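Novice: Sequence:
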Amino acid sequence: MNAAILDSSAWIECLDDGPNTVHFRPILLKLSDLLVPTIILTEVRKVILKQRTRQQADVVTQAMCSGIIIPIGEEIAIAAADLFIKHKLPLADSLIYAVTLAHNATLWTQDDDFQTSRTSAISPKSRSAGVTPTSHKVLHHIPSIHFLNT
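First residue of the sequence shown? That's 1 in this note's numbering, and the numbers climb one at a time after it.
One or more of the hints may lead you astray.
[Unchecked claim] Label pairs and their in silico Cβ distance ranges:
hint : residue 1 : residue 2 : range
1    : T42       : D82       : 17 to 27 Å
2    : N2        : A77       : 16 to 26 Å
3    : A77       : V22       : 31 to 41 Å
4    : I72       : L31       : 18 to 28 Å
Please keep in mind that the hints were generated in silico from the structure rather than gathered at the bench.
Given the structure is predicted, the values throughout are model-derived calculations rather than measurements.
Glycine included, each C-beta is placed from N, C-alpha and C at the ideal position.
Please model the entire structure based on the sequences and the hints provided.
Specialist: The structure is reproduced here in structure tokens:
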């Protein structure tokens with residue numbers, strides 16, 4: 001399997017032990033191989049600091065840093081600006097998508113911005129993901145992106 005990135009929405013889903021955790025857990029269990037763009041580290045820490053304690057934020061941050069930290073350098077920043085304009089993605093999502101493309105990685109996300117972006121056609125894969133239609137969770141696959149809609 002190629003490199004994997006868990007989007008901020010996926011990290012938060014796992015921390016909250018939400019219903020889609022079952023899809024993200026196998027990726028999270030390979031934490032030392034997981035790519036962690038610094039923008040995702042920032043977004044997750046921000047949410048934890050708003051909703052929980054600083055100590056919990058420190059624990060999660062330390063765990064995330066066990067992955068392969070990917071800084072946002074010049075090449076990623078330039079690519080993100082292009083993706084921002086081309087796909088009308090929010091800036092943070094543009095940075096995440098640029099890192100995903102630069103590392104030929106698979107992005108796991110629940111973020112609606114990736115579903116509605118014009119990155120490519122979206123095709124439902126709910127049956128192959130083991131998600132039942134009645135669960136209101138549909139797994140979509142965009143090349144390099146796995147999208148879970150709650």
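Novice: State, for the Cβ atoms of T42 and D82, whether the hinted interval 17 to 27 Å holds or is violated.
Specialist: 21 Å, holds
Novice: Quick one: are N2 and A77 within 16 to 26 Å, going by C-beta?
Specialist: 23 Å, holds
Novice: Within 31 to 41 Å: is that where the Cβ-Cβ distance between A77 and V22 falls?
Specialist: The hint (31 to 41 Å, Cβ to Cβ) holds, given that A77 and V22 are roughly 35 Å apart.
Novice: Is 18 to 28 Å right for how far apart the beta carbons of I72 and L31 are?
Specialist: 21 Å, holds
Hint check: no violations occur; every hint is consistent with the structure.
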